[in-house]
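So you can see what is in the structure, the chains are spelled out below.
Protein chains: 2
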Amino acid sequence: MNCEVIAVGTELLLGQIVDTNSSYIGEQLALAGIDSHFQTKVGDNAARMKSSVELALSRSDAVILCGGLGPTQDDITRNVIADVMGVELETRQDLVDKISAMFSQRGRQMPQNNLLQAQIPVGGEPIPVQPGTAPGLCCPIGDKVIYAVPGVPWEMTKMIDEFVLPDLRERAGITSVIASRVLRTWGASESGLAETLADEIVRLDETGEATIAFLASGIEGLKVRITAKAASQAEVDAKLAAEEAQVRSIIGDDLIFGIDDDTMETVVVDLCRQQGLKLGAAESLTGGLIGQRITAHPGVSDVFQGSIVSYADSVKAQVLDTGDAAAISDEGAKAMAIGAAKALGADCTVAVTGVAGPAPAGGYKPGTVFMATYVDGVAETLMVEWPFDRKRTREFTTITVLNQLRKRLMARSV
Amino acid sequence: MNCEVIAVGTELLLGQIVDTNSSYIGEQLALAGIDSHFQTKVGDNAARMKSSVELALSRSDAVILCGGLGPTQDDITRNVIADVMGVELETRQDLVDKISAMFSQRGRQMPQNNLLQAQIPVGGEPIPVQPGTAPGLCCPIGDKVIYAVPGVPWEMTKMIDEFVLPDLRERAGITSVIASRVLRTWGASESGLAETLADEIVRLDETGEATIAFLASGIEGLKVRITAKAASQAEVDAKLAAEEAQVRSIIGDDLIFGIDDDTMETVVVDLCRQQGLKLGAAESLTGGLIGQRITAHPGVSDVFQGSIVSYADSVKAQVLDTGDAAAISDEGAKAMAIGAAKALGADCTVAVTGVAGPAPAGGYKPGTVFMATYVDGVAETLMVEWPFDRKRTREFTTITVLNQLRKRLMARSV
Chain U
1 MNCEVIAVGT
11 ELLLGQIVDT
21 NSSYIGEQLA
31 LAGIDSHFQT
41 KVGDNAARMK
51 SSVELALSRS
61 DAVILCGGLG
71 PTQDDITRNV
81 IADVMGVELE
91 TRQDLVDKIS
101 AMFSQRGRQM
111 PQNNLLQAQI
121 PVGGEPIPVQ
131 PGTAPGLCCP
141 IGDKVIYAVP
151 GVPWEMTKMI
161 DEFVLPDLRE
171 RAGITSVIAS
181 RVLRTWGASE
191 SGLAETLADE
201 IVRLDETGEA
211 TIAFLASGIE
221 GLKVRITAKA
231 ASQAEVDAKL
241 AAEEAQVRSI
251 IGDDLIFGID
261 DDTMETVVVD
271 LCRQQGLKLG
281 AAESLTGGLI
291 GQRITAHPGV
301 SDVFQGSIVS
311 YADSVKAQVL
321 DTGDAAAISD
331 EGAKAMAIGA
341 AKALGADCTV
351 AVTGVAGPAP
361 AGGYKPGTVF
371 MATYVDGVAE
381 TLMVEWPFDR
391 KRTREFTTIT
401 VLNQLRKRLM
411 ARSV
Chain G
1 MNCEVIAVGT
11 ELLLGQIVDT
21 NSSYIGEQLA
31 LAGIDSHFQT
41 KVGDNAARMK
51 SSVELALSRS
61 DAVILCGGLG
71 PTQDDITRNV
81 IADVMGVELE
91 TRQDLVDKIS
101 AMFSQRGRQM
111 PQNNLLQAQI
121 PVGGEPIPVQ
131 PGTAPGLCCP
141 IGDKVIYAVP
151 GVPWEMTKMI
161 DEFVLPDLRE
171 RAGITSVIAS
181 RVLRTWGASE
191 SGLAETLADE
201 IVRLDETGEA
211 TIAFLASGIE
221 GLKVRITAKA
231 ASQAEVDAKL
241 AAEEAQVRSI
251 IGDDLIFGID
261 DDTMETVVVD
271 LCRQQGLKLG
281 AAESLTGGLI
291 GQRITAHPGV
301 SDVFQGSIVS
311 YADSVKAQVL
321 DTGDAAAISD
331 EGAKAMAIGA
341 AKALGADCTV
351 AVTGVAGPAP
361 AGGYKPGTVF
371 MATYVDGVAE
381 TLMVEWPFDR
391 KRTREFTTIT
401 VLNQLRKRLM
411 ARSV
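Sequences listed follow chains U and G, in order. Numbering-wise, the first sequence is residues 1 to 414 according to my numbering. Numbering-wise, the second sequence is residues 1 to 414 according to my numbering.
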């Protein structure tokens, strides 16, 4: 079974919107065990949409059209599918009722245009999962199938996850369960991890127990994804647990800061919460990025006190009381960490100073960074020379200094 | 003249990397006056790449292949193009010399693999612009043309801008110059601006003097792009200047914070620099986002003092000396702005507090935000109830409070 993705919208061709929908669908198809060999972007043009759908049907078993299900004149995905199927559109009263109910729930009257969304090619069915006003479509054509989902990401993902993927797997006769677990790591390079795991990857190739893939994800760290397939959820869970244990025993727990949706920030905040510690930061080089990352997650205010963004040396001296320590130095980072704990009333802190670039500063080349962590009255430091641009220097510094604190908190809780 | 884009790489189909290259190329083609009706993603598979290229050549005048020019076994774009052309690959000694010189400049020896990059289909030519080790290709086939550029974004953009677009325009006989100017706005909705400019857009449709497009860009504001075409650069510049003046007269200068690559942060920093003012911030709701945005730009340290991220109420009280003011209130924001000026030694500040969500807090629903600006000893406040999620609430608050300060600084400089 293979399935193509066609993203519909002139704005995609014009580069006004980046097509992240196809990437999401491609990733989910791969995880569901379904091949996807081509993905196409096409504008809101009936003839070109039709030729794209016909081509896709000629070389694949299924096609997912994404976009063009809105209520305006531009939205012609319904019409094109009917044309390809050689049928008419019919207005479905159940959809009219559903859509108008959505409007009345919001205290609004349904514009006449939205009636277009209740039209379905004869022989097709609306996708029963419908998060917004646009119904998705599931249209069999011969022994193949065309799906249409809205271009709005949260509507698209829900329909793909809850209807399209299970439906495709059923059509493909895939009864096995495929699942994956992501080990979130920091501290080793992709090639380094691949080398460490080389024998295990060969072993998995031979046994087929699971697969391992690496994904470098910047400030989110380096992800190691374990994927396994089995007859039942219980079996696949057992396989994943076994392989996770295997990978942990090879690369060591130290590198792994979390799994799946964990982030370095949430892991550090959780450790602080468990240990009854208040967290703070002092940022020069990162300019607020550490605080911004931590507070991007809701519910951290019981742990996170705040951050002193001390961009000017005078702020380091006056708010953080860094005294004689040079602004860009090991001693400077240490003094910032201690000063932040005091100013913010925090039990543990991270602090960073350095040269983000592109120009050198304080006698150091761009990428030179001094970091400090502070807990239990002790400040520890780390110096790194990143070979990166300004943005990556700031991002890599953020995850690295939080990882330093994580390791200290882990050691503390043993 | 129309031109398709084919992005090559299995990692694109698997969703491990989002294809931003095609979006960039699509945007540049549109700006250069060249239509692009289809964009395709295909994996590193010779047969499927070949069928994609042949299909593209059958319906378009030109094809840009992006990716697959590296030195590994997976990189087969060269081979596929030679196959489509029905020719062999030949090793070009000038490219061997160029690539090995690049390695020796970095003090490294060229791996044998990189010799593959010196191979060119007979009848094709390397693209003379070559920022990295991978040469691009320009391969005529009949009266059509295939270009190949690397998937590395900075190499791709340079080749597209400096060679592919001019070459395509020459082939298309386009001698006119197309250019655009982006007016960066904040304070009006897309539909609101479209309505205000409706008559002007109709007038432009009739006269063809220029076109106007809107692009909502989150924390970057709402962009209004004016595009014009003329016989020479001087003429197109004049047209853009005339239309910019026209648009400014209709929507008012107040909404327009900058042009092209300006950002709200750089505009505020520049105003502060011109007026000899030191800038600071106090952030609760945004958690460091304001500081992070300002310091994302190099060279702001002569103006930006820092930010006090006062997530805990105790930090508001102790570092910002907010006294009895409620943490989430108009008075609270005002006290934060004044306190930040004092703590940071800043002449002007912005401050934000509120409820980022998803849960309500302090008796306010999510999205409720209190902002303050402080300059010349006077704090002014603004309250907004955003209908957004946590992320957008924080982003829209950041650009809004900086815009408030911008307007005050503008008024001050008159």
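Heads up, some of the hints might be wrong.
Unchecked claim - Covered by chain G, according to a simulated footprint, are these stretches of chain U (three or more residues, beta-carbon under 8 Å):
1) 10-19
2) 27-36
3) 42-49
4) 145-152
5) 355-364
Said to hold, decoys possible - Below, in silico cross-link-like pairs of lysine to aspartate or glutamate (DMTMM-like), each with a Cα-Cα straight-line distance of 20 Å or less:
6) K391(U) to E395(G)
7) K342(U) to D321(G)
8) K223(G) to E11(U)
9) K391(G) to E11(U)
10) K158(U) to D389(G)
11) K391(U) to E220(G)
Said to hold, decoys possible - Not close to chain G: a few residues of chain U, all C-beta gaps over 12 Å, as computed:
12) D94
13) D205
14) A234
15) A241
Bear in mind the hints are in silico, worked out from the structure with no lab data behind them. We put the beta carbon where it would ideally sit given N, CA and C, even for glycine.
For each hint, the structure was consulted:
1. Check result for the region 10-19 of chain U against chain G: holds, 8 residues qualifying (beta carbon to beta carbon below 8 Å, three or more required).
2. Given a C-beta distance limit of less than 8 Å, the hint that chain G covers the region 27-36 of chain U holds, as 4 residues qualify and 3 suffice.
3. Counting residues of the region 42-49 of chain U whose CB lies closer than 8 Å to any CB of chain G gives 4, which reaches the minimum of 3, so the coverage claim holds.
4. Counting residues of the region 145-152 of chain U whose beta carbon lies closer than 8 Å to any beta carbon of chain G gives 0, which falls short of the minimum of three for the stated coverage.
5. Remark: the region 355-364 of chain U is confirmed as covered by chain G, as 4 of its residues place a Cβ nearer than 8 Å to a Cβ of that chain, reaching the required three.
6. Among the hinted pairs, K391(U) with E395(G) is consistent with the structure: their alpha-carbon atoms are about 18 Å apart, no more than 20 Å.
7. For the suggested pair K342(U) and D321(G), the alpha carbons sit about 15 Å apart, so the restraint of at most 20 Å is met.
8. This hinted pair checks out: K223(G) and E11(U) have alpha carbons roughly 15 Å apart, not beyond 20 Å.
9. The hinted pair formed by K391(G) and E11(U) fails the criterion: a straight-line CA distance of about 24 Å is larger than 20 Å.
10. For the hint linking K158(U) to D389(G), the alpha-carbon distance of about 18 Å falls within 20 Å, and the restraint holds.
11. In summary, the hint linking K391(U) to E220(G) is supported, as the alpha carbons are separated by about 17 Å, within the 20 Å threshold.
12. Taking the minimum C-beta to C-beta distance to chain G, about 30 Å, the non-interface status of D94(U) holds against the 12 Å cut.
13. No Cβ of chain G approaches the Cβ of D205(U) within 12 Å, the least distance being about 17 Å, so the stated non-interface status holds.
14. The beta carbon of A234(U) is kept farther than 12 Å from every beta carbon of chain G, the shortest such distance being approximately 27 Å.
15. Its beta-carbon lying about 24 Å from the closest one in chain G, A241(U) satisfies the requirement of being farther than 12 Å from that chain.
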